[in-house]
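> Start from the sequences and build out the full structure, keeping to the hints where you can.
Protein chains: 2
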Amino acid sequence: MHLSYLAVGDELLDGRVREANLATLGDHARRLGLSVDDASVIGDTNQTIVDALEAASRRADILVVSGGLGPTQDDITRYAASQWASSPIELDEQHLSNLRDQFEARGFTFTENNRRQCEFPRDADILASDVGTAAGFRLVHNNCQAFFLPGVPSEFRWHVDRFVIPRLQEVSDGGETPTESLTFLGPGESGLENRLQSVLEKGRHEGARISFLANSPLVTIEVSATDRSVVDETIAGIRERSGPWVIASNRESPAEALARRLESAGATVTAAESCTGGWIGKLLTDAPGASDWFEYGYVTYANNAKIAMLGVSESTLEHHGAVSAEVVCAMADGARSRADADWALAVSGIAGPSGGTDAKPVGRVHFGLAGTDELWHHRATFPDRGRAYVRRTSALTAIAGLIWRLDDNLDAHDWSRIH
Amino acid sequence: MHLSYLAVGDELLDGRVREANLATLGDHARRLGLSVDDASVIGDTNQTIVDALEAASRRADILVVSGGLGPTQDDITRYAASQWASSPIELDEQHLSNLRDQFEARGFTFTENNRRQCEFPRDADILASDVGTAAGFRLVHNNCQAFFLPGVPSEFRWHVDRFVIPRLQEVSDGGETPTESLTFLGPGESGLENRLQSVLEKGRHEGARISFLANSPLVTIEVSATDRSVVDETIAGIRERSGPWVIASNRESPAEALARRLESAGATVTAAESCTGGWIGKLLTDAPGASDWFEYGYVTYANNAKIAMLGVSESTLEHHGAVSAEVVCAMADGARSRADADWALAVSGIAGPSGGTDAKPVGRVHFGLAGTDELWHHRATFPDRGRAYVRRTSALTAIAGLIWRLDDNLDAHDWSRIH
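Residue numbers (the numbering used here), protein chains in the order written: chain F, 1354 to 1772; chain B, 1354 to 1772.
The set of hints was computed from the structure by calculation and includes no laboratory data.
Where a beta carbon is used, it is the ideal one built from N, C-alpha and C, also for glycine.
Treat the hints with care, since some could be wrong.
[Claimed, not checked] Cβ-to-Cβ under 8 Å is the rule here; a few derived chain B residues that face chain F:
#	residue
1	Ser1507
2	Ile1633
3	Tyr1649
4	Val1652
5	Tyr1654
6	Ala1658
[Said to hold, decoys possible] In silico negatives: residues of chain F with every beta carbon more than 10 Å from chain B:
#	residue
7	Val1403
8	Val1493
9	Thr1579
10	Arg1594
11	Ser1595
12	His1672
Written out as structure tokens, the structure reads:
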């Protein structure tokens, strides 16, 4: 079974809009043990679309086409489809009447343009939409079943769920493929692969599909196989050999992994943020339910905020500078006691692009982690891949520190216990 | 000039990773008055890559290839490129020595796998990277200049800026096409288009390219034309007709637009965040230089944090609930005086998915804005398109409120002055 995807739209090629539907289709296919075999993005020109449909339909058993079904003059996919399949355009009176009703119900004016959305190749099955004005359609030609779907991501997803998935389920061997994943912070992709060579080979030999996903500083290893025990054994092997860097499993985000541990420990956390400016708090509250373990966050971007909000002493700031072990430890201590939390994360660093010196370059970040009777410090120098990279890596490293502490293996990392 | 793009990676086809580099390349090309002409996404199979390179290079004058240059077994683009161009692979000793040094400096172990990243087709120019371990390379074959770049978005962008843009500048008619943009918060795409119909028609008639980019709740209108005065007149016409919703121009982010205004006013701001959990602080500090006007941020996720950090009274919380005009105004007042700032933004709302009631549904968010002698309140009920949507929209609305106040047109919006 060959599955192809074709996205139509000038706006996808010139950077105004980021193509997002391929990932939606691919994700659905993967869960069924299938994959999109190839994908193309083309512009809004009739001959280009006709040629691309012809080429894709020669390869594919199932072709999903996204975009170009709207009411504007740029939206010409339906006409190209008609030409490709030699199936003349006809106005669908039933759909026209439904669309008029929808517009009336929402208080919109039905325009001449909207009539275009009721035109379909004569041989098409109309895939009616509840979510928008653009209905998709299905057309079989060159032994290829082609689904023409709207490009707006929410409408595309709706059509995929309703019309494409059932077709993919028919051709897939049956149900979802067992899949597990582990997420690491610290070792690069190649370092992990080296350590894991024998486990990966054994897993692949037994039929597992194993893939690395790098989203620096995170690396996720995903294992899937039709046999669940192969997945479980391979994941166990990876855990055993990969060293202490696991922070999350099963495609959890780092914050979700921390949440799970805090919930089971009945513990709370607070954050004292300088260079991350609120990013840790944002991550911690991305998932619902954070109010069970997160109450207070301190964004102390300036020195006077570190003094006033966290009780860092002026002389510590003067002697050591804001980006120092001493200050970040005082931030963690101050935050923990003021928020009356079980744990406090603190971060202070140089995110750049300016502000770096030889002694404290851009990418230098200090971390503090305070608990009831303990205080930890970590110093990192992240590669200067831009301000956003340094800040995101800092926020994730702070979260990872507490995950490792709650897993009782912070000792195995480059964090030093101050007391 | 035909520009093609090819992304390599199974993870892009099966939904594990969202392809993001086409938009980066397209955006750069558009600013130079060029466009990507076609784009494909293919899997990590040698013959597939060789075939795709052959097909693309027959069409394209410039081809940008992304992905498959990493150290793992899946990363085979360099070998496929070698086969395509009949240019044997050779180990580059200079790059090997640099890479070893980089690894050593960071305290990482250099592995056998990393040697792969020092192998290049013999005829390639190596495009060395400061940002990561994967160096790109350039290879000319079939009269096509092909750039092979790493797939990690930050590394791809670095290589594009440094190596591809200069080449595109050479072939573009002469520098950047005059382009301006306006960003709106409030009206939807179709609402704006309706209001602006005559201005848009006039601009297009005079040769402007006008496009809408919706990234809800923001809409950006971009106008470009070879004649700078057509751009200026069209932008002026849009400003005049579009109502009071402009928050940024020239593709500034909302936070950058606010920064510009605060800097010229010599004013400072603080934020008191409940449902946004730090997201406002994160946005405000995304751009460098925020320390000039942002010192303190209060993440008061729990009621007791609102009391302790901001001095909100227990009885106000009890009588009105945390999501209320009274509480959010007390938060803004408390934050402003405690941070000794000129302005304070405060947000409290119901981000969902749970916690909504008939009286206070998911999406209900209150905003407070405090200045030296003034206090404003705004209540919104955002569509429940998920927790992330409600939170991001809340953070952006808070920032927009202060932008409008500094532009002296907050009166034109649905914000009420309390005193």
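> If a hint holds in the structure, say so; if it doesn't, say that too.
Hints, verified against the model:
no., hint, verdict
1, Ser1507, "holds, 5 Å"
2, Ile1633, "holds, 7 Å"
3, Tyr1649, "holds, 4 Å"
4, Val1652, "holds, 3 Å"
5, Tyr1654, "holds, 6 Å"
6, Ala1658, "holds, 4 Å"
7, Val1403, "holds, 14 Å"
8, Val1493, "holds, 23 Å"
9, Thr1579, "holds, 16 Å"
10, Arg1594, "holds, 15 Å"
11, Ser1595, "holds, 14 Å"
12, His1672, "holds, 20 Å"
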